[in-house]
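J.: So for the sequence shown, this note's numbering puts the first residue at 1; every next one is plus one.
Note that these hints are calculated values from the structure, not bench results. Just so you know, even glycine gets a beta-carbon here, dropped at the ideal spot from N, CA and C. Be careful, since some hints might not be right.
[Unchecked claim] For lysine-lysine, the following PhoX-like pairs were computed, each having C-alpha atoms within a straight-line distance of at most 25 Å:
no., residue 1, residue 2
1, K114, K88
2, K109, K98
3, K149, K174
4, K112, K157
5, K114, K56
6, K130, K157
7, K149, K134
8, K98, K81
9, K32, K81
10, K12, K165
11, K172, K32
12, K12, K56
13, K174, K32
14, K98, K12
15, K157, K134
16, K98, K112
17, K81, K56
18, K134, K112
19, K114, K81
20, K109, K93
21, K130, K81
22, K74, K114
23, K74, K149
24, K172, K157
25, K88, K98
26, K157, K169
27, K74, K112
28, K130, K88
29, K74, K56
30, K74, K98
31, K74, K88
32, K81, K93
33, K130, K169
34, K149, K109
35, K114, K149
[Stated by the list, open to error] Computed Cβ-Cβ distance ranges for the label pairs, DEER-style:
no., residue 1, residue 2, range
36, A104, D9, 26 to 36 Å
37, I95, I71, 37 to 47 Å
38, K172, R129, 49 to 59 Å
39, D53, L128, 27 to 37 Å
40, V107, K169, 20 to 30 Å
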Amino acid sequence: SVLTQAVDDNPKPRVGLLNIGEEEIKWHQRIKDAHALLVETNINYVGYIEGDDIYKGDTDVVACDGFDGNIALKSSEGVAKMISFYLKEAFTKNIFTKMLGLMAYPVLKAFKEKVDPRRYNGASLLGLRKIVVKSHGGADQLSFLHAIKEARLEVIKNVPELISKEVSKLLKEKPSLVKPESEA
1 SVLTQAVDDN
11 PKPRVGLLNI
21 GEEEIKWHQR
31 IKDAHALLVE
41 TNINYVGYIE
51 GDDIYKGDTD
61 VVACDGFDGN
71 IALKSSEGVA
81 KMISFYLKEA
91 FTKNIFTKML
101 GLMAYPVLKA
111 FKEKVDPRRY
121 NGASLLGLRK
131 IVVKSHGGAD
141 QLSFLHAIKE
151 ARLEVIKNVP
161 ELISKEVSKL
171 LKEKPSLVKP
181 ESEA
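Between the sequences and the hints, there should be enough to build the whole structure, so can you do that?
T.: Here you go:
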């Protein structure tokens with residue numbers, strides 16, 4: 001939430017917790033624990049979201065662990081590639097579809113740029129004292145450029161310090177959020 005506030009100039013980002021459903025039987029203990037913690041915070045927590053909710057625009061931040069997040073990210077990239085493949089195939093079938101493709105080119109180009117995963121490269125590792133942006137293993141020059149731009153912006157906005165201050169403030173206001181070492 002703090003990262004989105006700083007980098008996207010969004011004063012009250014909506015945070016959703018990625019889950020496989022709303023029914024309690026579908027929750028893992030770590031999801032239950034994360035939900036309980038998020039409810040206790042002063043962030044704008046909107047509750048559970050499922051994979052098909054990620055791009056609806058109802059949330060600004062999707063909270064999840066690295067494993068689930070990586071699956072969601074790779075699945076999204078795969079869908080974007082699949083759509084691009086089938087659109088290209090459809091617009092190159094014959095002379096008529098090629099002409100339609102030429103007419104639709106500006107729209108298709110804008111769409112491709114909007115969903116190009118290379119423009120969203122770079123996962124920020126939060127909770128550290130310094131900026132760390134992890135880039136995709138198959139990243140090209142454009143991908144690295146966007147990751148570097150993200151890291152630069154986080155440096156300018158002093159994101160680690162902002163996060164540290166917010167966590168300290170939260171722990172002072174709600175000391176119950178910290179489990180005793182015997183329970184951790």
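J.: A separate judgement is required for each hint: does it hold in the structure or not?
T.: A quick look at each hint next to the structure:
1. A hinted pair counts as satisfied when its Cα atoms are at most 25 Å apart, and K114 with K88 qualifies at roughly 16 Å.
2. For the proposed pair K109 and K98, the alpha carbon gap of about 15 Å is at most 25 Å, so the pair holds.
3. Only pairs whose Cα atoms come within 25 Å are accepted, and K149 paired with K174 is rejected, the gap being roughly 35 Å.
4. Taking the CA atoms of K112 and K157, the gap is near 29 Å; set against the 25 Å cutoff, the hint is violated.
5. Distance check on the hinted pair: K114 and K56 sit about 15 Å apart at the alpha-carbon level, within 25 Å; holds.
6. Straight-line distance between C-alpha atoms of K130 and K157 comes to about 12 Å, which keeps the hinted pair within the 25 Å bound.
7. Straight-line distance between C-alpha atoms of K149 and K134 comes to about 13 Å, which keeps the hinted pair within the 25 Å bound.
8. Using a Cα cut-off of 25 Å, the hinted pair K98 and K81 holds, with the two alpha carbons roughly 20 Å apart.
9. As the CA atoms of K32 and K81 are separated by approximately 34 Å, the hinted pair breaks the 25 Å bound.
10. The straight-line distance between the Cα atoms of K12 and K165 is roughly 17 Å, inside the 25 Å bound, and the hint therefore holds.
11. At most 25 Å may separate the alpha-carbon atoms for a hinted pair to count; K172 and K32 meet this at roughly 23 Å.
12. At roughly 18 Å between alpha-carbon atoms, K12 and K56 fall within 25 Å of each other, so this suggested pair holds.
13. Pair hint K174 plus K32 holds up; C-alpha atoms about 18 Å apart against a cutoff of 25 Å.
14. A threshold of 25 Å between alpha carbons decides the hint, and for K98 with K12 the separation of about 45 Å lies outside it, so the pair is violated.
15. At most 25 Å may separate the alpha-carbon atoms for a hinted pair to count; K157 and K134 meet this at roughly 18 Å.
16. The straight-line distance between the Cα atoms of K98 and K112 is roughly 17 Å, inside the 25 Å bound, and the hint therefore holds.
17. For a cut-off of 25 Å, the pair hint linking K81 to K56 stands: about 19 Å separates their Cα positions.
18. With a C-alpha separation of about 23 Å, the suggested pair K134 and K112 falls inside the 25 Å cut-off, and the hint holds.
19. Of the pairs offered as hints, the one joining K114 and K81 holds, with about 13 Å between alpha carbons and a cut-off of 25 Å not exceeded.
20. In summary, the hint linking K109 to K93 is supported, as the alpha carbons are separated by about 19 Å, within the 25 Å threshold.
21. Distance check on the hinted pair: K130 and K81 sit about 33 Å apart at the alpha-carbon level, beyond 25 Å; violated.
22. Note on K74 and K114: the hinted pairing holds, with a Cα-Cα distance of about 17 Å set against a maximum of 25 Å.
23. Distance restraint check for K74 and K149: the Cα-Cα separation of roughly 22 Å lies within the 25 Å cut-off, and the hinted pair is therefore satisfied.
24. At most 25 Å may separate the alpha-carbon atoms for a hinted pair to count; K172 and K157 meet this at roughly 24 Å.
25. A threshold of 25 Å between alpha carbons decides the hint, and for K88 with K98 the separation of about 10 Å falls inside it, so the pair holds.
26. Using a Cα cut-off of 25 Å, the hinted pair K157 and K169 holds, with the two alpha carbons roughly 19 Å apart.
27. Restraint check: the Cα-Cα separation between K74 and K112 comes to about 17 Å, which is no more than 25 Å; the hinted pair holds.
28. Restraint check for K130 and K88: not satisfied, since their Cα atoms lie roughly 42 Å apart, outside the 25 Å limit.
29. Pair hint K74 plus K56 holds up; C-alpha atoms about 18 Å apart against a cutoff of 25 Å.
30. The straight-line distance between the Cα atoms of K74 and K98 is roughly 30 Å, outside the 25 Å bound, and the hint therefore fails.
31. For the given pair, K74 sits about 21 Å from K88 by alpha-carbon distance, which is consistent with the 25 Å threshold.
32. Of the supplied pair hints, the one linking K81 and K93 holds, its CA atoms being roughly 19 Å apart against a limit of 25 Å.
33. For the proposed pair K130 and K169, the alpha carbon gap of about 20 Å is at most 25 Å, so the pair holds.
34. As the CA atoms of K149 and K109 are separated by approximately 23 Å, the hinted pair is consistent with the 25 Å bound.
35. Straight-line distance between C-alpha atoms of K114 and K149 comes to about 17 Å, which keeps the hinted pair within the 25 Å bound.
36. Roughly 34 Å separates the CB atoms of A104 and D9, a value that falls within the hinted 26 to 36 Å.
37. Remark: the range hint 37 to 47 Å for I95 to I71 is upheld by a beta-carbon distance near 41 Å.
38. Between K172 and R129 the CB atoms are about 20 Å apart, so this pair departs from the stated range of 49 to 59 Å.
39. Restraint check, D53 to L128: a C-beta distance of roughly 29 Å satisfies the suggested window 27 to 37 Å.
40. Between V107 and K169 the C-beta distance comes to about 46 Å, which lies outside the given range of 20 to 30 Å.
Checked against the numbered hints given earlier, the structure breaks hints 3, 4, 9, 14, 21, 28, 30, 38, 40 and satisfies all the rest.
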